[in-house]
Every structure is written in structure tokens, then in C-alpha cells.
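Residue numbers (our numbering), protein chains in the order written: chain A, 1 to 112; chain B, 1 to 114.
Heads up, a few of these hints could be off.
[What the hints assert, rightly or not] In silico lysine-lysine, DSS-like type, Cα no more than 27 Å apart, as pairs:
id : chain 1 : residue 1 : chain 2 : residue 2
1  : B       : K57       : A       : K57
2  : B       : K42       : B       : K57
3  : B       : K42       : A       : K68
4  : B       : K78       : A       : K5
[Unchecked claim] A few chain A residues facing chain B, derived, Cβ under 7 Å:
id : residue
5  : G43
6  : E56
7  : G60
No lab work stands behind these hints: they were computed from the structure. From the three backbone atoms N, C-alpha and C, an ideal C-beta is built for every residue, glycine too.
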Amino acid sequence: QQQVKQSPQSLIVQKGGISIINCAYENTAFDYFPWYQQFPGKGPALLIAIRPDVSEKKEGRFTISFNKSAKQFSLHIMDSQPGDSATYFCAATHPHTDKLIFGTGTRLQVFP
Amino acid sequence: EPEVTQTPSHQVTQMGQEVILRCVPISNHLYFYWYRQILGQKVEFLVSFYNNEISEKSEIFDDQFSVERPDGSNFTLKIRSTKLEDSAMYFCATQDQRHQETQYFGPGTRLLVL
């Protein structure tokens, strides 16, 4: 119930393409869903986050789509660039805790 | 831009030894966390700390682990008697306000227990 399932484990995309990473959860108490980006040797950094009262949030080339009824959310990276190559983690939290529950991560490689 | 710093960046220790991992939070942040990431696996929550006490801890955070803010600035994680399975990257994170605010992660300490 506390898990967040993430797929795919790895993703290879050509420069300019769209990268899509999916996450699913079961705990309906989750009410905040951030995405973190992690470069090798660095800590995770917040990329974009969404709350379940909206179905989509866009910041630049990054968009979160949220489907509350399906308990799924996804990250879309438009016009993917080699600099986007990193590991992406979805996460979730709920009102009774401050801890982030992370997905298993997706290693994205964008080739020129 | 303010950032969370952690020392050391790497630590190698023998099984059974004590290690202390240090974190300097972003100034005026009040909520502190430790997470760990075993190589190739997901980031896992260990403990949260606010107002000089533990707010929440995971089942990983057993009696061998402790946290404190010894001088009001540094935030430390101590592992009393390290085990092989403690080998991981340990991340400190800090947060300004409670809940649904950004947690800022440090660069991590890579701990290797031999």
C-alpha cells in the first residue's frame, strides 16, 4: 500500500523525442506527487510536482499527467535533450507523514 | 543558490565500526531527513527530525542508528556498529516548511562497509 511502482526501468530516446515515465500507486491518501531528477554522483533534485486536484502540470518541457481514478501519474519530457540523461524518480507522500516514498527509478539516456 | 552539504563524500569502514555522517542543512530550514540508496535500488526513507527530536523513522532505522543536531547547525547520522548491508549512499534532505514543500537533497555520502 505504501509502494509506488515505476516503469520502465530504463529508457533510450533520440534527441528531440518524447520521454514518458509512468508511476502507479495504491494508497489513496497520497496527496503530493513530486518527480526528482538525479545525475550521477549527485543527490535527487526536485523537477516538478503535482497535487491530485489537477490533471496536468507543465513546466517548460516537463509535464506531469495525473489520473486520479486510475491512481497513475506520468512524466513527459518533450523535445528530449542529451542533458536530460539522468535517473528519474517519482515519489509520493500523504498528509500523515513528511517522508517521500520513492519509485524504483528510470534511467533515461538521450542520444544525439 | 543555497544547498545542502554533506561530509564525507566517501567513507570506507570495517564491519562493526562506528561511523558518523554529517550534513549542513540550508539555513533556516527546520525539517531534516536521512534517506539511503543501496546501489541500483530506490531511495529509501530512514528518519525525519524536527525540533530536536525524531518525528518519524522507518523499520530500517533500528537501535544501531541515531541522529542529532549537536551544535544547532550540523545534522548527523550515526551508525554504531556497521554491517555489510549498511553499504549505501546516504542522503540528507532538508525542508523549510512542513509537508508538501520541496525537500532539498545533499550530494550524499557513499558508505562502504568491508
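Verification of the hints:
Distance check on the hinted pair: K57 of chain B and K57 of chain A sit about 31 Å apart at the alpha-carbon level, beyond 27 Å; violated. Among the hinted pairs, K42 of chain B with K57 of chain B is consistent with the structure: their alpha-carbon atoms are about 17 Å apart, no more than 27 Å. Distance hint between K42 of chain B and K68 of chain A is fulfilled; the C-alpha atoms sit about 24 Å from each other, no more than 27 Å. Distance hint between K78 of chain B and K5 of chain A is unfulfilled; the C-alpha atoms sit about 31 Å from each other, more than 27 Å.
Satisfaction of the interface hint for G43 of chain A is found here, the shortest Cβ-Cβ separation to chain B being roughly 3 Å, below the 7 Å cut-off. Hint on E56 of chain A is violated. Least Cβ distance to chain B is approximately 18 Å, over the 7 Å limit. A hinted interface residue such as G60 of chain A counts as satisfied when its beta carbon comes closer than 7 Å to some beta carbon of chain B; here the least separation is about 17 Å, so the hint is violated.
Checked against the numbered hints above, the structure breaks hints 1, 4, 6 and 7 and satisfies the rest.
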